[in-house]
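Participant: Chain B: place on chain A using the hints.
Number of protein chains: 2
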Amino acid sequence: MKITKIPVATIMRMSVYSRFLTQLNHDGIEMASSSDIADGAGVTSAQVRKDLAYFGEFGIRGVGYNIKELNEHIRKILHLGDEWRLALVGIGSLGRALIMHKGFREHGFAVNCIFDNDPAKIGGFFEGVEVLPAEKIREAVSQKKADIGVICVPAAQAQNVADALVEGGIKAILNFASVNLVTPPSIHVRNVDLTVQLEVLTFQAGESIGRYG
Amino acid sequence: MKITKIPVATIMRMSVYSRFLTQLNHDGIEMASSSDIADGAGVTSAQVRKDLAYFGEFGIRGVGYNIKELNEHIRKILHLGDEWRLALVGIGSLGRALIMHKGFREHGFAVNCIFDNDPAKIGGFFEGVEVLPAEKIREAVSQKKADIGVICVPAAQAQNVADALVEGGIKAILNFASVNLVTPPSIHVRNVDLTVQLEVLTFQAGESIGRYG
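Chain order of the listed sequences is A and B. Heads up, the first sequence is in my numbering, so the first residue is 237 and it goes up one at a time. Heads up, the second sequence is in my numbering, so the first residue is 237 and it goes up one at a time.
Okay, chain A solo, but in the shape it has when bound:
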């Protein structure tokens, strides 16, 4: 499997398919067509077939997919069988919201270290995990074998935090800071900038209604 050829959009949809298949399985449904999956994910059935085709042959023509089997395949493709350990940096309102995010734990993600540079927060506990000072990032991430760093600090501090996470041995970063991080090519970074998401909407909505700011 040559991953470089698989678009990120396909991976994102695979995650959505898995979520929907989990729900169908939970509802006691055994088989689904690509069109059922498409409806649940808000895409076309051609898209579902194209996405799945990147990873092999699934389902039986004219019969559909065995939901449990397909979901197990997708979860394996996404490497979701195991627990992934998250290192969260910055326990402000967004960091706290992430810690409380039910979906993370349900999907096998567990925050196993938390960092902040606010003396009032250091030594406190969130969901049983102690808040350590930011200067301990490298040491603690390495010791606790965290896999993915989650950056929830202001933009000005994000690069330093990313450097420390990388030195600690993190493999990937989910970055909520509004800044482009410079990292080694082996480190996978996803940027989630909420303002960018809103600005896509203002562009689209502004065009639709002929609004000019």
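Don't take each hint at face value.
Partial list, derived from the structure: chain B residues whose beta carbon lies under 8 Å from chain A [as the list claims (entries may be wrong)]:
id, residue
1, Val244
2, Thr280
3, Leu314
4, His315
5, Met336
6, Gly339
7, His343
8, Leu410
9, Thr431
Keep in mind the hints are simulated off the structure, nothing from the lab. Cβ coordinates follow ideal geometry from the N, Cα and C atoms, glycine included.
Facilitator: Quick look at chain B alone, frame taken from chain A:
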């Protein structure tokens, strides 16, 4: 300008360029090359030129772009000159984090109505905005002319909330619930599923290190 031909990824990068140009302008810098902008946004300079070309001719060959002018153009393209009114539904930990999000207000987004179905929260205030019961969504959104709905409720309630927002006259929805919303074609929807973002990273990191879950 035919917006249907402009990829969402281009719009997202335009938002990132604007953020970087704002910072350069703030630092007192007047001119930038496409390569300067590319470095700041983490893309190639060919990408910057290609993205900008969707919207017209900017900059002078061999000289570069006037930062302030280009940023004003981009902000106009993204319809950011005006204030956009947000209706936030679900004031749990994520909803509170969004209300506190500095970037929103800085970029001209103001939450002007908040809804929840928890009696303990209804009547309370966040950033000066009163929490109304969820059954008031349609009426209040229409009355306060909210432009964009932000859905931070559990997946099971998200569709009902989306329906009420649409009936109230919302133009676009930023959806944090892990569910595919069914809305009229005129309503623009962006899904921000944090678990999906993490699963892209587990796929990529899992491939790199040969990890199987």
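Participant: Now tell me, hint by hint, if it's right for this structure.
Facilitator: Evaluated hints:
Checking valine 244(B) against chain A by beta carbon gives a least distance of about 6 Å; that is within 8 Å, so the hint holds. A least Cβ separation of about 13 Å between threonine 280(B) and chain A goes past the 8 Å threshold, and the interface hint is therefore violated. Taken as an interface hint, leucine 314(B) checks out: its beta carbon lies about 5 Å from the nearest beta carbon of chain A, inside 8 Å. Hint status for histidine 315(B) relative to chain A: holds, with the closest Cβ pair at about 3 Å, below 8 Å.
Checking methionine 336(B) against chain A by beta carbon gives a least distance of about 5 Å; that is within 8 Å, so the hint holds. Annotation: glycine 339(B) was flagged as interfacial toward chain A, and the flag holds, the nearest CB pair being 4 Å apart, inside 8 Å. For histidine 343(B), the interface hint holds, since its Cβ comes within 8 Å of a Cβ in chain A; the closest pair sits about 5 Å apart. For the restraint placing leucine 410(B) at the interface with chain A, the shortest Cβ-Cβ distance is roughly 6 Å, inside the 8 Å limit, so the hint holds.
Here the hint on threonine 431(B) is kept, as its CB sits about 4 Å from the closest CB of chain A, short of 8 Å.
Violation of the numbered hints given earlier is confined to hint 2; every other hint is satisfied by the structure.
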